[in-house]
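Asks: Below, each chain spelled out in residue letters.
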Amino acid sequence: MNAFLKEHPALRANSKRTFTAALAGNPNAGKTSLFNALTGLRHKVANYPGVTIERKEGWWYIDPAGPAVHVIDLPGLYSLEATSIDETIARDVLLGDESKTSKPDVVIVVIDATNLVRNLYLLSQLIEKDCRIVVALTMVDLAKRHGLDINIPRLSELLHVPVVAVIARRNEGLDQLATVVMQVAVDSAIADLHPTRGWLSQKAHATDGAAQWQSKLIARYRWIENVVNETVSEKIEARAQSTRRIDAFVTHKIAGPLILFLIMLFVFQAIFSWANLPMNLIDKLFNVLGASARTHLPAGLFTDLIVSGILPGVGGVVMFLPQIILLFLFITLLEDSGYMARAAFMMDRLMRGVGLHGKAFVPLLSSFACAVPGIMATRTIESPKDRLATIMIAPFMSCSARLPVYTLMIAAFFSGQSVAGFVSLGAVLILSMYLLGILFAVGVAWILKHTLLKAPSPPFVMELPPYRVPDVRNVFHSLIERVGVFLQRAGTVILAISIVLWALVAFPLTPNITGDNQSIQVENSYAGQAGHLIEPAIRPLGFDWKIGIGLISSFAARETVISTLGIVYNAGNAGDDQSESLIQAMRNAKRPDGSRVWTPLVALSLMIFFVLACQCMSTVAVVRRETNSWRWPLFMVGYMLLLAYVSSLVTYQGGRLLGFS
Amino acid sequence: MTLDATPFGTPARVVSVTGDGPIALRLMQMGVIPGVSVSVVKSAPLGDPIQIRVRDFDLALRRLEARAITVAFDHD
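Protein sequence lines correspond, in order, to chains R and C. Oh and the first sequence: position 80 is 80 in this note's numbering, straight run, nothing missing. Position in the second sequence counted from 1, then plus 1000, gives you this note's numbering.
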């Protein structure tokens, strides 16, 4: 049992009592590792009241019978003078400024032992604000290896706050942290011992012509330097040698960009080939489910809903789980290892060319997984106009929902071909789709930054954190989180759309239809009527009314186009391999004049449409939330649709002129 | 001399950080204050931004922003 609880049986018995602890600290100080170690999987991603911005919170059960601590993980921040939205949120929670949250009972300040001076700056500000503070000193093992010897009791004494060394990866020091956190939270006597503010007396000495905020800031640092000088003895200056050696390659003039390109190519190739096996397994599973549902359930509308609507609809999307897991895995690894900051460092000059910030690179790269977290990640960008420009172009990054569309088109019309003998045509096409999106993003960003969102280039000051081996637990947790969000979507939005679509295709019922004449039913249905309605507009792009139905449904979420095509082509009923049968059905589909509906050119035109159009309800919703108006999301949907239409038109008509069919 | 003109790998001392804007604030929050030792490590492949080392950690900043930092060499 926890030592503190042993001494305070009353507290232990009163297990209903809970209190709140906020985790604050510099970016890369090890906050998330500590959060995961404390809460395990008992956490959720919730929204901040009012501003609907994501925050992570969880429960830390110190003792099975004891009180539970409500832990809030805050965005990383360097100081309380916030310069970005992320930092503003963190500050508001810490100081209890936000109207609906009260000040946390305890602030656990996470301090990176290998970077004491800078990390202590935030602490000095929090001490000034009269927060109840416990310092969790992380990376102590790393500091020791770098030759830093930290006298922790002395540090605690000088700071006048308890300091606990923790190694989150190995769950070391957590019990002691629990004891101290409870002492500080419960014992008002301890909390009332206000820490000294040694730097305040030094204020006078620091004034040498600088502005007042500067002298205050310098005074804090002088105080911190004194504290660190008294508590840390540095034997050798060996810190971050390995990081320097890695940087020599990774941000090298020639090798650097080459490595960046190879990493991206590797990620895309991996997603395209490694994910195949599990994807086929999931596909088979849903087919087996469909077949057994058909045999065991009585024939009728309900069975049809399950077999033709829900199973192919949900299955067609769940199938892409392996690809999404791989993509998120790579993004998390690149982020946790410290590579992302290097990528931003190398890309800043290019990004600035279109008026954007190097920091926009990370949100844009995340948007390759999904624009929703990408758009939320723009909060680290200080300038509102830059942030808005980044949000506007984020959906051009080919997200994981487009991947199934590309994959299907390639499997159906470009499979088995290779370029230069060893790279598959599919991989080249996919890479081209990604590049096309990037190209349009660059163009639009440039135009926006020179018209609607004209503003001077904001500052670019970014830490290049030391390289670290990613924490397995962190990677695992972030995967679980994102997979959860994806499955939730498959279980709600996609399920609902599948049912609606099925109904639109199944009604109104055309009487006297037998198995093989399903297409008449589809043609006469509400969906068929809608498809016919828009056919004149999309015929110049090479699309017929069946593809039109797919396009309409894809504006809810891109990947639904596949389940829609599955329903339209009645592929779920074939009983055997579902995507195989969809591919066959697409290859065999004929226009009224007998020519093929689908040609490689039509497939390419469709892929390009999907690169550029903003077909995603979730993205629209998150942009509405983040910009706090309907103007920007509507503008985004409109201009992207226009670009998609024109580009598909040029592709299809141009291709025909060049003699392709 | 300002930091953007400092040769790579040569340690210097910060004399002042000029300006009242967000750049000066951000730099000073991160510990770039008068008296501290700083050196330019290298530049990004396209020549800008630059990587500087201060207080044992690395920062990336643009040359334009590095101009806000005035430095002196110890032998001056």
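Worth flagging that the hints you see were computed from the coordinates, not collected in a lab. The C-beta atom is built at its ideal place from N, Cα and C for all residues, glycine as well. Incorrect hints may appear among the rest.
Covered stretches of chain C, as calculated for chain R (at least 3 residues, CB under 8 Å) [claimed, not checked]: (1) 1004-1015; (2) 1021-1028; (3) 1031-1038.
Here are a few chain R residues that sit away from chain C, every Cβ distance over 12 Å (derived from the structure) [claimed, not checked]: (4) L116; (5) R118; (6) L217; (7) A219; (8) V228; (9) R342; (10) P466; (11) V469; (12) L533; (13) A589; (14) A621; (15) L641; (16) V646.
Asks: Against each hint, give a clear statement of whether it holds in the structure.
Replies: Quick rundown of the hints versus the structure:
Restraint check on the stretch 1004-1015 of chain C versus chain R: 0 residues with Cβ-Cβ distances below 8 Å, three needed, restraint violated. Evaluation of the coverage hint for the stretch 1021-1028 of chain C: fulfilled, as 8 residues show C-beta separations to chain R shorter than 8 Å, against a requirement of three. Here the stretch 1031-1038 of chain C counts 3 residues with a CB under 8 Å from a CB of chain R, which clears the bar of 3, and the coverage holds. Residue-level check failed: R/L116 sits 9 Å from the nearest beta carbon of chain C, not beyond 12 Å.
For R/R118, the shortest C-beta to C-beta distance to chain C comes to about 5 Å, within the 12 Å cut-off, and the non-interface label is violated. The Cβ of R/L217 sits about 5 Å from the closest Cβ of chain C, inside the 12 Å cut-off, so the non-interface label is violated. A beta-carbon of chain C comes within 12 Å of the beta-carbon of R/A219; the shortest separation is about 10 Å. At the 12 Å boundary, the C-beta of R/V228 falls inside the reach of chain C, the nearest C-beta of that chain being 10 Å off.
Listed as a non-interface residue, R/R342 fails to keep its Cβ farther than 12 Å from every Cβ of chain C; the least gap is roughly 9 Å. Look at R/P466: its CB is around 8 Å from the nearest CB on chain C, not clear of 12 Å, so calling it non-interface is violated. With a cut of 12 Å on Cβ distances, R/V469 stays outside the contact zone with chain C, its closest approach being about 18 Å. Every CB of chain C lies more than 12 Å from the CB of R/L533, the least distance being 50 Å, so the non-interface label holds.
No Cβ of chain C approaches the Cβ of R/A589 within 12 Å, the least distance being about 49 Å, so the stated non-interface status holds. Every C-beta of chain C lies more than 12 Å from that of R/A621, the closest at about 31 Å, which supports listing it as non-interface. No Cβ of chain C approaches the Cβ of R/L641 within 12 Å, the least distance being about 34 Å, so the stated non-interface status holds. Residue-level check passed: R/V646 sits 32 Å from the nearest beta carbon of chain C, beyond 12 Å.
Consistency with the previously given hints fails for numbers 1, 4, 5, 6, 7, 8, 9 and 10, ordered from lowest to highest.
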